[in-house]
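Novice: Use the sequences and the hints to build the structure in full.
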Amino acid sequence: MIDGDVQFDANGRLRHCLTTEGLSGDQVREILDLAESFADVNDKSIKKVPLLRGHTVVNLFFETSTRTRSTFELAAKRLSADVLNIDVARSATTKGESLLDTIANLRAMQCELFVMRHPDSGAAHYVAGHVDEAVHVINAGDGQHAHPTQALLDVFTIRRHKPAFADLSVAIVGDLRHSRVARSQIHALRALGTRDIRVIGPRTLLPAAVESLGVTAHDDIDRGIADVDVIIMLRLQRERMEHALLPSEREYFAGWGLTPERLRRARPDAIVLHPGPTNRGVEIHSAVADGPQSVILEQVTNGIAVRMAVMALITGNAPGQPA
Amino acid sequence: MIDGDVQFDANGRLRHCLTTEGLSGDQVREILDLAESFADVNDKSIKKVPLLRGHTVVNLFFETSTRTRSTFELAAKRLSADVLNIDVARSATTKGESLLDTIANLRAMQCELFVMRHPDSGAAHYVAGHVDEAVHVINAGDGQHAHPTQALLDVFTIRRHKPAFADLSVAIVGDLRHSRVARSQIHALRALGTRDIRVIGPRTLLPAAVESLGVTAHDDIDRGIADVDVIIMLRLQRERMEHALLPSEREYFAGWGLTPERLRRARPDAIVLHPGPTNRGVEIHSAVADGPQSVILEQVTNGIAVRMAVMALITGNAPGQPA
Amino acid sequence: MIDGDVQFDANGRLRHCLTTEGLSGDQVREILDLAESFADVNDKSIKKVPLLRGHTVVNLFFETSTRTRSTFELAAKRLSADVLNIDVARSATTKGESLLDTIANLRAMQCELFVMRHPDSGAAHYVAGHVDEAVHVINAGDGQHAHPTQALLDVFTIRRHKPAFADLSVAIVGDLRHSRVARSQIHALRALGTRDIRVIGPRTLLPAAVESLGVTAHDDIDRGIADVDVIIMLRLQRERMEHALLPSEREYFAGWGLTPERLRRARPDAIVLHPGPTNRGVEIHSAVADGPQSVILEQVTNGIAVRMAVMALITGNAPGQPA
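Residue numbers (the numbering used here), protein chains in the order written: chain A, 3 to 325; chain B, 3 to 325; chain C, 3 to 325.
Treat each hint with caution, since some may be false.
[To be verified] Away from chain B, derived, C-beta distances all over 12 Å, residues of chain C: (1) His163; (2) Thr206; (3) Asp222.
[As the list claims (entries may be wrong)] Restricting the straight-line Cα-Cα distance to at most 30 Å, the calculated cross-link-like pairs of lysine-lysine (BS3-like) are: (4) A:Lys50 <-> A:Lys164; (5) B:Lys46 <-> C:Lys164; (6) C:Lys164 <-> C:Lys50; (7) B:Lys50 <-> B:Lys164; (8) B:Lys46 <-> B:Lys164; (9) A:Lys50 <-> C:Lys164; (10) A:Lys50 <-> B:Lys50; (11) B:Lys50 <-> C:Lys46; (12) C:Lys50 <-> A:Lys46; (13) C:Lys50 <-> B:Lys50; (14) A:Lys46 <-> A:Lys164; (15) A:Lys50 <-> B:Lys46; (16) C:Lys50 <-> A:Lys50; (17) C:Lys46 <-> C:Lys164; (18) B:Lys164 <-> A:Lys46.
These are computed hints drawn from the structure, not numbers from a lab.
For glycine and all other residues, C-beta sits at the position ideal for the given N, C-alpha and C.
Specialist: Here's what the structure looks like:
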């Protein structure tokens, strides 16, 4: 019922960024390669290219997230776009309105690129299926479904350190069941040919059919991360604790937290990712988060370049794209 | 006590946009003609003209309205202005301060164009009467008094479909008593020569002296909209229900809601306007709001161009204006 | 424990603006002279210079202050910077995070200039001590410690009227004990050579060791302001009243409020400053705040130019600075 087809136009070109599911390896690599060129822009003193000048990017957040909103806002501004921030979670006007009415109105204001976060799985797909050709939608997280730009920046970050995806062993650790990030990471890693993907967490937080995604499941982290090249820690949503799916934070850390001792079970050159913000002492030890194997802040930096690439590409404004 | 004179300078040139009352037909047409040229800008891929570059537009909202704020923000950015959003309804600092102190401070920051929404009728006039020559005020809605840019975008939208205002029959339906929008629409329509304006609503929501504005009043919608060319639906403020001025939403819809059946009583080519956001099933049926006679989304689009025109014109930055 | 050394680089160049303590007269004058050139920009119709084009200024406010945030936002935009506003007081995401994690993340997004307001004294120093060379921090108020840009705009304003600082008598009146503004003013005035600085307020609100700062203390305003050239009124934090440090507002006004009668005790050409927003009838009489000796709105205007100067200077982008 939610699939990736709606994100392509009739010629198979990406016109929305809704999910990493269904992206080919070539399509993922096209985004990553373009992001590499924007990473250079961001290293310069004047971090600006005029690719989206005169365009308006709307950050339409039905869940408040200052951090994610900031990364999209910066990416848009570095492409010289104007940015309109709409925090629907706080907006009285927009609250009573239907999602499609809100979109139709912003569309009528000739806004063409929507970055959308929504608590319901499938919300971005739903919008993408109901807009005209000139509108582009980026899914910045929908319920427990997908968060494609996060997954793309993760594989971008991994590629900079370990480009041979086919040979990598990757562990994803945490609350797999509720994680839109993990779902998107698995699809992106598989598109790039990664064969050994291990998902690790308490049994109650591993989805029943997870192996159908082409991964192996472990509830013992010490065995699960043995000899991996990449460890991706998920952020623990603390509100899950209340619903009795999880033990206390202390027990969680004892069972599945990434400590320096555990990290030694992975390959000596393994890298550690986390989508942030980290809960130090819950899912990750500070010595690991701040340690030499952590690439957590690189992920943040790369996130700007990857989001610039997605914005430019789906709107047809990347260098060399036919108009 | 509130009149339009303060919006003109000594030479009769518009320097604020406070009300449509007192505007001549020529003055309204000047705004609409300029807006036509900006509508072309908004159809282009790069929607930007440099007319207000280096100027700062302050959106000073004493009532939160994401939608209205967004249209002014987009209009300002498409004129290349910088935008400062101040949500006074939420601002602790500014809350205790007097209105004139707030304005004096923003003025001291060399902001010159204020877009102001305020719950009190006359607030924008009051400010306009107390600022120096270099400051321009746009009334984005003051209490139950006026909302001139809404009325201007409405007549702009009507003109694109039916330019012969003298021959039009126009129905305005809803809560006339509390509507700043309706008041401004009536003045704008009359400035353009419209003779047959009918206001329609429950007796309790028709102001006693409404006919002094040059309109006819009806409390029977079926008779009121017979053979009209234009139907303007007003948004129902749901909070009025609590004050016993109105029956239930269901009864309201039965009595004064615009259904497809009722719409058939108007001319076959009649157009339907609504300032948005619509309360579907309360003042308007979805089949009408989304139907072929609806121009509701055109109004939104035109709102950007009309607001650009007002901003450029009153600040003396329209093309061809003497400096 | 909090000192100004951290704001200089190894060559003694200012790279953060944390406090006026420790600034030499030459360093203060360099900022004021640069601000004079920006004041000219702000008088022009197009108020924009491209000195910070492609840079991102982050307004990181752990205490909400619409007014202060607005002045920094305008200053940044007039330097052509992009601005990212983060209202941490309202942000759910950022609330749980440590200060250094928040900064590290924004730094990873390649933001290089942080304007920071924080309720804890020393917060800006703490951050400045933990960031890499490319990052610049402006303290927009930390607890009861410092507010250097306010003090700099105050001496800028004084200099325009009375440039011979060595000969000036300056009175600072109000709640000296809790005022970060007063502390920063005293350091800036002394750096410029002012010898006669008098602090005036109720005994309970005069810090015990205030005279160690090189000022004289008075609890009788009528004697304290006799023959001064400059009177700086402080804003009364009304919440202090509850803690029994202060009498009622009426008693406060009777004892230490600046009335037209009191003002006559100063020199006839004395000027009156106030950081705003004023509590009329509490610390200052309206006839004084709006009178001919008041320079309160000039302070607001000058605040933009001074903040532009600080931003350009500490980032090494002032005209003529080596790259």
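Novice: If a hint holds in the structure, say so; if it doesn't, say that too.
Specialist: Comparing the hints with the structure gives:
no., hint, verdict
1, His163, "holds (16 Å)"
2, Thr206, "holds (24 Å)"
3, Asp222, "holds (29 Å)"
4, A:Lys50 <-> A:Lys164, "holds (29 Å)"
5, B:Lys46 <-> C:Lys164, "violated (54 Å)"
6, C:Lys164 <-> C:Lys50, "holds (29 Å)"
7, B:Lys50 <-> B:Lys164, "holds (29 Å)"
8, B:Lys46 <-> B:Lys164, "holds (25 Å)"
9, A:Lys50 <-> C:Lys164, "violated (43 Å)"
10, A:Lys50 <-> B:Lys50, "holds (17 Å)"
11, B:Lys50 <-> C:Lys46, "holds (22 Å)"
12, C:Lys50 <-> A:Lys46, "holds (22 Å)"
13, C:Lys50 <-> B:Lys50, "holds (17 Å)"
14, A:Lys46 <-> A:Lys164, "holds (25 Å)"
15, A:Lys50 <-> B:Lys46, "holds (22 Å)"
16, C:Lys50 <-> A:Lys50, "holds (17 Å)"
17, C:Lys46 <-> C:Lys164, "holds (25 Å)"
18, B:Lys164 <-> A:Lys46, "violated (54 Å)"
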